[in-house]
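There are 2 protein chains.
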Amino acid sequence: MESLNRLRIVMINTSDSGNIGAAARAMKTMGVSDLCLVAPKEYPTAKATARATGAADLLHRATVVDTLEQAIGDCQLVFGTSARMRTIPWPLMTPREAAQVVMNEPQGADIAIVFGREDAGLTNEELRRCHYHISIPGNEAYSVLNIAAAVQVICYEMRMNALASKESEQEGAAAPMMPLEFREWDEPLVTSEDMERFMKHFEETLLDIGFYDPNNPKQLITRARRLFMRTRMDRLEMNLMRGVLSTVQKRVKKEP
Amino acid sequence: MESLNRLRIVMINTSDSGNIGAAARAMKTMGVSDLCLVAPKEYPTAKATARATGAADLLHRATVVDTLEQAIGDCQLVFGTSARMRTIPWPLMTPREAAQVVMNEPQGADIAIVFGREDAGLTNEELRRCHYHISIPGNEAYSVLNIAAAVQVICYEMRMNALASKESEQEGAAAPMMPLEFREWDEPLVTSEDMERFMKHFEETLLDIGFYDPNNPKQLITRARRLFMRTRMDRLEMNLMRGVLSTVQKRVKKEP
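Residue numbers (the numbering used here), protein chains in the order written: chain A, 1 to 256; chain B, 1 to 256.
Hints are computed from structural coordinates only; laboratory data are not their basis.
All values reported here derive from a predicted model rather than from experimental measurement.
There may be inaccurate statements among the hints.
No distinction is drawn between identical chains; accordingly, a pair holds when it is met within one copy or between any pair of copies.
To be verified - EDC-like mimics (lysine to aspartate or glutamate), calculated; alpha carbons at most 20 Å apart, straight line: (1) K166 - E105; (2) K254 - D208; (3) K166 - E2; (4) K200 - E69; (5) K41 - E69; (6) K47 - E118; (7) K166 - E97; (8) K218 - E204.
Can you build the whole structure from these sequences, using the hints too?
Now the structure itself:
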């Protein structure tokens, strides 16, 4: 996905190298691979590599520079991430809106997304170097995401947008599809406990009628479970079905 | 936002208590507050509290239980998170689709989202306890998100959806009833004719076992029909169910 290849994640003055490793992992899971570190406090470290797990390759290819200018100098579009509103409001968008902007960029444009310090974020001066600001809409009472978690959310939105545009390119899939819809309902739905009791009752009844050999279950019970789980049964329906099962059991047990 | 208050995050057998703290922080930033830990390997720890930072309160209110059953028993809807496709595909959705499902749940429904072990995820048995599976669409080459990062992404989607519906309420629009998209399935779906034959067979069987008085049908058949229609049964499922009905009929008719 071309739009993901154009993205560079820039981390400024990161204090905890564990966060650098975790950010590398977050990027790789979403198919983003260009990481640039501006004057990290500690790097490289064993801690960073440990937190990167399967993204150690991405971490080792990361570039380390001294200034923000060096990190973003060749980019046509720069986003800054910010939890706070600044005195002079800048064009501010959600990660989802930012992903749409990225998708609409001309091919070949290089795009940076800049993340600030764990404790203090980006300075006003750094934020003014950015075209747009991205803010993750958080809980008013506590909105400070861990920096690697913020990298994960933003890269996730970039990927979701890239996938959507890829999907719209190739329509007409052949695999069978399961449509599921949700509507207003007249009865309360059963709980997970209710459902377990029902499935147990269903299994017992199959045993009672001799339909089901517990030593050779194949996928039978799993398939039945998938069917009934999918229905999101309501209480009346469950009573009805259990009534049927109990009646079957009674009739079968009366046999000689 | 009412839909966020209904959410419970369930973490099973978490090895690294740092991930528990980070998950608590991820939840709090998105306004989700109910955390349930199933048999954590180490907890509570100073490490968990450190990684929780401003979400230590949420961490201290977390419940610790021994089994998944205790964690989800009172929930009407259970999602399991899974990076892998299983042998029998279960209704699988993205976090965004799952957020739409949550928004469309009836008021008062309790909803659990279950996260597996850092190394091995959820077992097949645990996955079968869930109505739907959520998979974050990751990089084919490396799709394993850190567990707290996955909690962040999913809670973020839940929050984004709640915010969108809050906005639309303020505009005076009714909450959208968003039909979910078609998803891949392993078996072709039955036709309307097949379904009619099945319902006829179901009715006959109820008569055979004496469960159902045709002169006083009440809404029984209609309710059963709604249940089965809603499942959009596939052919294998229908063969299975018709096999059960035929076996019941044979057993009951052998009676004197």
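Each hint tested on the structure:
Taking CA atoms no more than 20 Å apart as the test, K166 paired with E105 passes inside one copy only; the shortest distance there is 15 Å, against 30 Å between copies. For the identical chains of this complex, K254 and D208 are neighbours both inside a copy (11 Å) and across copies (14 Å), given an alpha-carbon limit of 20 Å. Taking the shortest Cα distances, K166 and E2 sit within 20 Å of each other inside one copy (10 Å), while across copies they are farther apart (34 Å). Taking CA atoms no more than 20 Å apart as the test, K200 paired with E69 passes between copies only; the shortest distance there is 14 Å, against 37 Å inside one copy.
Taking identical chains as interchangeable, the C-alpha atoms of K41 and E69 lie at most 20 Å apart only when both belong to the same chain, with a minimum of 18 Å there against 45 Å between chains. Both within a single protomer and between protomers do K47 and E118 lie at most 20 Å apart by alpha-carbon distance, with minima of 17 Å and 18 Å respectively. For the homomeric pair K166 and E97, the shortest alpha-carbon distances inside one copy (17 Å) and between copies (18 Å) are both at most 20 Å. Taking the shortest Cα distances, K218 and E204 sit within 20 Å of each other inside one copy (16 Å), while across copies they are farther apart (28 Å).
Consistency with the previously given hints is maintained throughout, with no hint failing.
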